[in-house]
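Start from chain A and add chain B according to the hints.
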Amino acid sequence: MSLRHKDLLGLEPLSSEEIALVLDTAEPCKQIFDRQVKKFPTLRGKVIVNLFYEASTRTRTSFEVAGKWMSADVVNISASASSVTKGESLTDTAKTLEALGADVVVIRHRHAGAAHLIARAVRARVINAGDGWHEHPTQGLLDLFTIREKKGRIQGLTVVIVGDILHSRVARSNIIGLTKLGARVRVAGPPTLMPLGLRELGVEVYHDLDAALEGADVINVLRIQRERQKKGLFPSLREYVRLYGVTKERLRRAKEDVMIMHPGPANLGVEIAQDVVEDERSVVREQVKNGVAVRMALLYLMSGGEPRELQPAD
Amino acid sequence: MSSSLLIKGAHVWQGNGFSPPTDLLIEGGRIVRMGPGLADAKARLIAAQGWLVLPGLVDLHAHLGEPGHEERESIASGLVAAAAGGFTHVLVMPDTEPPIDDEAALEFLRQRGSMVQGAALHVCAALTKGRMGEELAELAHLAAAGAKALGDARSIRDPAVMRRALLYATMLDVPIFSQTGDEALAGDGVVHEGPVGHRLGLAGIPPSAEWTSLARDLFLAEEVGARLHVQGVSTARSVEIVAAAKERGVRVSAAVNLYNLLLDDTSLADYDTAKKVMPPLRPAGDVEALVRALTDGVVDCIVTDHTPCTAEEKDVEFDLAPFGAAGFEVALSALYTRLVVPEKLSWRTLIEALSVRPRAIIGLPQAELREGAVCDMTLFAPDETYRVEPGAWCSRSRNTPLAGETLRGRVQGTVIGDRALGPCFEGDAGERRRLP
Chain A
23 MSLRHKDLLG LEPLSSEEIA LVLDTAEPCK QIFDRQVKKF PTLRGKVIVN
73 LFYEASTRTR TSFEVAGKWM SADVVNISAS ASSVTKGESL TDTAKTLEAL
123 GADVVVIRHR HAGAAHLIAR AVRARVINAG DGWHEHPTQG LLDLFTIREK
173 KGRIQGLTVV IVGDILHSRV ARSNIIGLTK LGARVRVAGP PTLMPLGLRE
223 LGVEVYHDLD AALEGADVIN VLRIQRERQK KGLFPSLREY VRLYGVTKER
273 LRRAKEDVMI MHPGPANLGV EIAQDVVEDE RSVVREQVKN GVAVRMALLY
323 LMSGGEPREL QPAD
Chain B
7 MSSSLLIKGA HVWQGNGFSP PTDLLIEGGR IVRMGPGLAD AKARLIAAQG
57 WLVLPGLVDL HAHLGEPGHE ERESIASGLV AAAAGGFTHV LVMPDTEPPI
107 DDEAALEFLR QRGSMVQGAA LHVCAALTKG RMGEELAELA HLAAAGAKAL
157 GDARSIRDPA VMRRALLYAT MLDVPIFSQT GDEALAGDGV VHEGPVGHRL
207 GLAGIPPSAE WTSLARDLFL AEEVGARLHV QGVSTARSVE IVAAAKERGV
257 RVSAAVNLYN LLLDDTSLAD YDTAKKVMPP LRPAGDVEAL VRALTDGVVD
307 CIVTDHTPCT AEEKDVEFDL APFGAAGFEV ALSALYTRLV VPEKLSWRTL
357 IEALSVRPRA IIGLPQAELR EGAVCDMTLF APDETYRVEP GAWCSRSRNT
407 PLAGETLRGR VQGTVIGDRA LGPCFEGDAG ERRRLP
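Protein chains in written order, with the working numbering: chain A, 23 to 336; chain B, 7 to 442.
If we strip away everything but chain A, and leave its shape as in the complex, we get (with noise of 0.2 Å):
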């Protein structure tokens, strides 16, 4: 079995058995932080472009190292915002970098269906690295990785997404795949910062960050941003802390082992404190190796590789 998609634009499309496959590779993958020499030759002679529409640097450098440590040549770009506005179109710059020998595009882009928009101009391989409010399929990978890893199963799991659902492709792509792979979702957050119809999507919806937790096996706590607070989708931050804010105390109510996530970069005393991304039940610096564990497999299936040839170089 490989990906059977030319591009990866979400998690939506893929069917839980390819989720399977990717979580499945990614595990020799990640042997490799293990190693002495951290290459593999899978993708020698191979251009990966991260093309960064967006400031970030947690989710490009792990791209960049995915790439690096598969024998890959990565550039980056970090294109400004106001590209648009130079008389840049997106697709343009996508078939120029298509032109100068890109085998894989890895873009980040404010607007949903920016990966989209570019997967239809150019042959080469796409991976959406985060589109607007719509889906940031490898975190949500990463995301799966980490609770399969330590908790040895992700069905009938129950797991609490708790902050801004709304505006939050992390939360998207989590809630996608952890619902195609039989966990039980909940979220948490005000009205203002929830869609309608959420619950179509077969999620359960709180308000009460306190009834969310009860038994809950996992958490993942989503940042928070202040411009939010500005637009007056919450009366104010001293508020949203209240309600919504993680602390020791609230996850008493949880599992005792519950696992602590957070996609991060984390407002530290915000939407989670300082003490609970430290604690040991917390999984937040190992969902960053893992990170880079995900997108090597997923650059290694997308170039068609077969799971059991993956082998390090000497």
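Calculated from the structure, these hints are not laboratory results. None of these values were measured; they are calculated from a predicted model. Wrong hints could be hidden among the right ones.
Residues from chain B that face chain A, not an exhaustive set, calculated with beta carbons under 8 Å [as the list claims (entries may be wrong)]:
#1 P201
#2 L206
#3 E323
#4 L326
Across the chosen pairs, the derived CB separations fall in these ranges [said to hold, decoys possible]:
#5 R142(A) / G15(B): 44 to 52 Å
#6 R257(B) / R221(A): 39 to 47 Å
#7 E249(A) / F114(B): 42 to 50 Å
#8 D179(B) / R248(A): 49 to 57 Å
#9 D301(A) / M138(B): 55 to 63 Å
#10 P348(B) / D114(A): 38 to 46 Å
#11 V59(A) / G410(B): 48 to 56 Å
#12 M138(B) / G178(A): 56 to 64 Å
Just so you know, even glycine gets a beta-carbon here, dropped at the ideal spot from N, CA and C.
Just chain B, lined up with the frame of chain A:
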């Protein structure tokens, strides 16, 4: 017209059905004879066996780009495109640059329109100066200069301004056109707010943006006794709101946009910016309610809301693309294929919605298909099947979500007074289409 025309063997609309095969002899811009077995040695013969002759179609909502955005459409290309789509009359909106908010601008449009061998042009002039929603435009002057409707082609923010405009216009014999969609509620939204838009991560426009602006303007018109025409009715709840107002005796008519009748929001999954329209594509239940509302007469007419956009404008991120789709040259075929053939809409309702009622709304004479009547007709071949190729359009723009679709039924030509336009008249005595 340099010579007479003899249209042979067509089925002519009779008000409640089509006639048996009949011939029409046209001379000097009039139907001079109508009946089977006509002959005229001098007349140019049009073999129209199996075709339908419809009263000329009227589009009460179109944007032509000129002045200001001639790269999208000019008045000439727009009116030729409209005629190619079977429309004999088009009401153009005032949202040009500069906007059509005074007599000089209105006169410019009318002059340009009169020079085109295409559909006849009529103007909806702005209701407020600069379409800013603050001060009233010179409405009496505009009406006297020939404006057939008054409206800003956007919802007026300040209810007091809207009320004043409606009240002032009660002394004029011109309808006020009100566009649905509260701009503050719509915010930065680009699609209908609902599960589909949420899955796509696109900012939603709550349907209440339409309901509240619609209900507000209906209440204001009711209070002052004005004649109101609402543009952009696109939800089941909006249909209920209009029906209730009509029941109370409010003088209101309503229009639905072409693509709101043809597509629902699930078709947005590919982020195709050709489907980014305003009002946004709605869920299937709304689309069904709109089709029923046409049959019930709650919604009076179908308009194209023809909004040409260049390829460069549309080939961008969904959020950044302008709203709107071009509709002239695909409307009748699409409505016939998607609604009439599957018997969701009768020919009678379609003709009411595309000709009879829009004429009544802006005070155009009805198109009559009888001996002695001035020509105002559309020729349609219901059995011709073709692929939509926007590249071959008369319009300067190609932005339709139906590009590449196979449709049934095709417009063959229009006759407007002494102008016979369209492929069936080309190459001989009938006047050639003059390309802009």
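Tested hints:
With a cut of 8 Å, the hint placing P201(B) at the interface with chain A holds, because the nearest CB-to-CB distance is about 4 Å. At about 6 Å, the closest approach between the beta carbon of L206(B) and any beta carbon in chain A falls short of 8 Å, and the interface hint on this residue holds. Hint status for E323(B): holds, given a least beta-carbon distance of 4 Å to chain A, under 8 Å. Contact between L326(B) and chain A, as hinted, is supported at the beta carbon level, the nearest pair being about 7 Å apart and thus within 8 Å.
For the pair R142(A) and G15(B), the beta carbons lie near 46 Å from each other, so the given range of 44 to 52 Å is met. For the pair R257(B) and R221(A), the supplied restraint of 39 to 47 Å holds, since their beta-carbon distance comes to about 42 Å. The hint said 42 to 50 Å for the Cβ distance between E249(A) and F114(B), and at roughly 44 Å that hint holds. The hinted range of 49 to 57 Å is satisfied by D179(B) and R248(A), whose Cβ atoms lie roughly 55 Å apart.
For the pair D301(A) and M138(B), the beta carbons lie near 57 Å from each other, so the given range of 55 to 63 Å is met. The beta-carbon spacing between P348(B) and D114(A), approximately 41 Å, falls within the hinted interval of 38 to 46 Å. Taking the beta carbon of each, V59(A) and G410(B) are about 52 Å apart, inside 48 to 56 Å as hinted. Look at M138(B) against G178(A): about 59 Å separates their beta carbons, and that is inside 56 to 64 Å.
Going down the numbered hints, you'll see the structure goes against none, and every one checks out.
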